[in-house]
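*Asks:* Residue numbers (our numbering), protein chains in the order written: chain C, 1 to 338; chain Y, 339 to 668.
The set of hints was computed from the structure by calculation and includes no laboratory data.
Take the hints with a grain of salt, since some may be wrong.
Label-pair restraints from in silico Cβ distances [what the hints assert, rightly or not]: (1) V664(Y) / E201(C): 30 to 40 Å; (2) F531(Y) / A62(C): 27 to 37 Å; (3) N668(Y) / R195(C): 36 to 46 Å; (4) V535(Y) / V311(C): 40 to 50 Å.
For the chain C half of the interface with chain Y, some residues (derived, Cβ under 8 Å), not all of them [unchecked claim]: (5) G82; (6) A85; (7) D107; (8) Q326.
Please read these numbers as outputs of a predicted model, since none were measured by experiment.
C-beta: ideal position from N, C-alpha, C; glycine also.
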Amino acid sequence: MTLLTPVLEPMRVAELRTLTYREAMREAMRDAMRRDDRVFLMGEDVGRYGGCFAVSMGLLEAFGPQRIIDTPLSESAFTGAGIGAALNGMRPIVEVMTCNFSLLAADQIMNNAATLLHMSGGQFNVPLVIRMSTGGGKQLAAQHSHSLEGWYAHIPGLKVIVPATVEDAYGMLWTALEDPDPVLIFENSLLYNLRGEVPLEPAPIDIDTARVRRPGDDVTIITYGMSLHKSLTAAETLAEAGIEAEVIDLRSLRPLDDATYINSIAKTHRAVIVDEGWRSGSISAEIMARIVEQAFYELDAPIARVCTEEVPLPYAKHLEEAALPQLEKIVTAVKSLL
Amino acid sequence: MTTLTISAATTATREHGLHLLREMLRIRRFEEKSAEMYSASKIRGFLHLYIGEEAVAVGVMEALRPEDNILATYREHGQALARGVSAGSIMAEMYGKQEGCARGRGGSMHLFDKETRFFGGNAIVGGHLPLAVGMALADKMRGDERVTCIFFGDGAVAEGEFHESLNLAKLWHLPVLFVCENNQYGMGTALEFSHAVTNLAKRAASYDMPTEQVDGMDVLAVEEVARRMATAVRNGEGPHFMECITYRFRAHSMFDAELYRQKTEVSEWRQRDPINQLMTQMKTDGTLTEADVTTMEREIAQEMDEAVAFAEAGTWEPLADLTRFVYSEN
Numbered sequence: 001m002t003l004l005t006p007v008l009e010p011m012r013v014a015e016l017r018t019l020t021y022r023e024a025m026r027e028a029m030r031d032a033m034r035r036d037d038r039v040f041l042m043g044e045d046v047g048r049y050g051g052c053f054a055v056s057m058g059l060l061e062a063f064g065p066q067r068i069i070d071t072p073l074s075e076s077a078f079t080g081a082g083i084g085a086a087l088n089g090m091r092p093i094v095e096v097m098t099c100n101f102s103l104l105a106a107d108q109i110m111n112n113a114a115t116l117l118h119m120s121g122g123q124f125n126v127p128l129v130i131r132m133s134t135g136g137g138k139q140l141a142a143q144h145s146h147s148l149e150g151w152y153a154h155i156p157g158l159k160v161i162v163p164a165t166v167e168d169a170y171g172m173l174w175t176a177l178e179d180p181d182p183v184l185i186f187e188n189s190l191l192y193n194l195r196g197e198v199p200l201e202p203a204p205i206d207i208d209t210a211r212v213r214r215p216g217d218d219v220t221i222i223t224y225g226m227s228l229h230k231s232l233t234a235a236e237t238l239a240e241a242g243i244e245a246e247v248i249d250l251r252s253l254r255p256l257d258d259a260t261y262i263n264s265i266a267k268t269h270r271a272v273i274v275d276e277g278w279r280s281g282s283i284s285a286e287i288m289a290r291i292v293e294q295a296f297y298e299l300d301a302p303i304a305r306v307c308t309e310e311v312p313l314p315y316a317k318h319l320e321e322a323a324l325p326q327l328e329k330i331v332t333a334v335k336s337l338l
Numbered sequence: 339m340t341t342l343t344i345s346a347a348t349t350a351t352r353e354h355g356l357h358l359l360r361e362m363l364r365i366r367r368f369e370e371k372s373a374e375m376y377s378a379s380k381i382r383g384f385l386h387l388y389i390g391e392e393a394v395a396v397g398v399m400e401a402l403r404p405e406d407n408i409l410a411t412y413r414e415h416g417q418a419l420a421r422g423v424s425a426g427s428i429m430a431e432m433y434g435k436q437e438g439c440a441r442g443r444g445g446s447m448h449l450f451d452k453e454t455r456f457f458g459g460n461a462i463v464g465g466h467l468p469l470a471v472g473m474a475l476a477d478k479m480r481g482d483e484r485v486t487c488i489f490f491g492d493g494a495v496a497e498g499e500f501h502e503s504l505n506l507a508k509l510w511h512l513p514v515l516f517v518c519e520n521n522q523y524g525m526g527t528a529l530e531f532s533h534a535v536t537n538l539a540k541r542a543a544s545y546d547m548p549t550e551q552v553d554g555m556d557v558l559a560v561e562e563v564a565r566r567m568a569t570a571v572r573n574g575e576g577p578h579f580m581e582c583i584t585y586r587f588r589a590h591s592m593f594d595a596e597l598y599r600q601k602t603e604v605s606e607w608r609q610r611d612p613i614n615q616l617m618t619q620m621k622t623d624g625t626l627t628e629a630d631v632t633t634m635e636r637e638i639a640q641e642m643d644e645a646v647a648f649a650e651a652g653t654w655e656p657l658a659d660l661t662r663f664v665y666s667e668n
């Protein structure tokens with residue numbers, strides 16, 4: 001599939017430059033390492049190879065093997081080592097190739113990163129950033145394509161962020177590195193080639209609020225990550241039919257910024273949630289529950305969801321496309337509410 | 339059962355011997371008091387006693403400095419006490435009081451103390467080994483001459499995280515002292531039913547780091563190996579691994595009927611009680627009198643009574659604080 005140019009609010013800063021999402025992540029890491037000696041990157045093939053998705057290309061040459069550390073295929077140990085280094089005063093960035101592989105480090109993420117501050121009665125915080133790719137759409141089949149950000153959002157003690165724009169890729173990584181607690185960044189791998197603008201003098205951007213990416217009065221589409229771009233395109237299609245959708249980019253799945261989507265629903269009275277995770281026990285289910293709890297009487301129609309079909313993602317292109325949220329499904333879901 | 343001999347104690351001065359004896363006795367009496375308070379329902383959850391293994395924590399701790407990092411398992415009261423975490427704050431932790439060393443959030447299995455750089459109290463077997471690697475990595479990156487000392491059991495050697503961590507520690511030449519407390523059982527499963535190679539030092543040696551087996555019932559032997567290895571680690575010679583052959587005299591936890599081992603085996607190991615062995619040796623050497631023991635026991639009994647009193651007097655954290663410490667407050 002082709003990447004679609006996102007429809008975003010114009011930047012207020014006069015001087016901009018165009019980067020890809022991949023370059024923005026790289027620049028964010030480069031600038032963070034220049035600012036702060038405690039920041040370093042480790043993960044599989046982040047150095048000599050340049051990163052599985054070429055995100056860290058060139059950083060080894062710039063910062064050397066002491067700060068751009070190639071690790072063996074030991075997800076648990078190098079993620080745990082990131083936690084240990086964070087406990088001991090550093091600001092590590094751990095890169096896990098895909099969120100499917102992060103399950104090999106799930107013990108470290110859940111049992112250590114998320115719990116140490118609490119178990120120690122507030123004595124030991126874990127200022128760690130874990131970056132991982134997520135999402136399907138590249139025919140990588142059932143062990144490289146899943147969207148597990150919603151799972152991780154279940155866990156108290158973690159922050160789970162899902163930057164969907166180039167500007168957020170840069171600015172949210174900056175803020176994540178300044179956070180005293182563990183932050184998981186999910187980067188949809190289809191976004192790496194996305195082009196967008198960032199200020200010449202970039203700044204950190206908050207990691208705990210949602211954004212209205214397209215205003216509209218008729219229906220609220222709540223989404224994040226790659227699905228944001230599909231939803232924005234769907235909104236344009238709907239506009240041709242006279243339906244104005246308000247598109248909300250969650251940006252963070254933990255914490256969830258309830259106020260932004262509840263306020264929108266108070267205006268539109270209709271909601272569609274688009275989530276690349278599976279439907280059952282998902283973040284879309286959590287958002288739906290919160291809408292019911294907080295805005296039940298605002299609703300003029302049932303809440304609709306567009307999620308990934310409940311299959312491990314298949315290899316065959318037509319099957320994979322059919323499994324994932326797509327433009328047509330979003331358009332159909334919206335129309336079903338009107 | 340492994341046949342081991344006690345090492346010569348000729349290098350131990352009287353003061354040093356008394357210090358080691360006192361530290362081991364403090365742990366023994368603390369654990370007995372903990373069992374008593376568990377029976378009285380003052381302590382709940384899991385309680386894993388260190389009785390029989392005191393020489394390991396006490397011997398190793400002699401080799402460490404205040405700036406070093408320590409990580410331990412869920413059977414860690416001994417390490418915490420030997421490191422200098424107060425008996426009162428540990429007892430209060432097990433009572434669930436906010437005066438506890440983790441404000442009652444951790445309990446027996448999760449003792450933490452920032453002041454003494456005691457990083458838990460970790461209850462996923464093997465799960466703290468990667469943390470030790472990362473802590474040592476941070477020290478190496480900054481050029482800090484700290485040792486990260488990690489205690490773990492024989493059970494952890496079967497975990498993937500053990501092998502991943504030893505590989506990383508050696509690959510990156512990190513200042514880690516790995517201390518395996520081989521007490522012969524992973525919960526109720528004996529070594530021979532868990533490990534294809536029961537010589538655990540040999541397993542570690544495959545990562546090309548210096549390894550040594552030591553009689554874990556002999557505090558002087560443990561101390562000697564720990565000092566040598568800690569010095570080497572501190573001098574930049576990379577990770578070292580010591581396997582302390584020891585035995586847990588009591589049940590795995592307070593819920594264990596001990597169906598998996600013979601009473602005769604326990605009583606044989608009790609013949610090699612690390613405290614009795616040191617006492618006997620010091621008396622033979624003429625460095626310990628009955629009066630010394632009486633005085634020491636009296637002082638320790640008082641310390642333990644005070645620990646219980648501190649825990650009893652402790653307060654419950656207000657329910658309004660329940661969700662604190664999930665995220666940092668500043």
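*Asks:* Which hints from the list above does the structure break, by number from lowest to highest?
*Replies:* 2, 8
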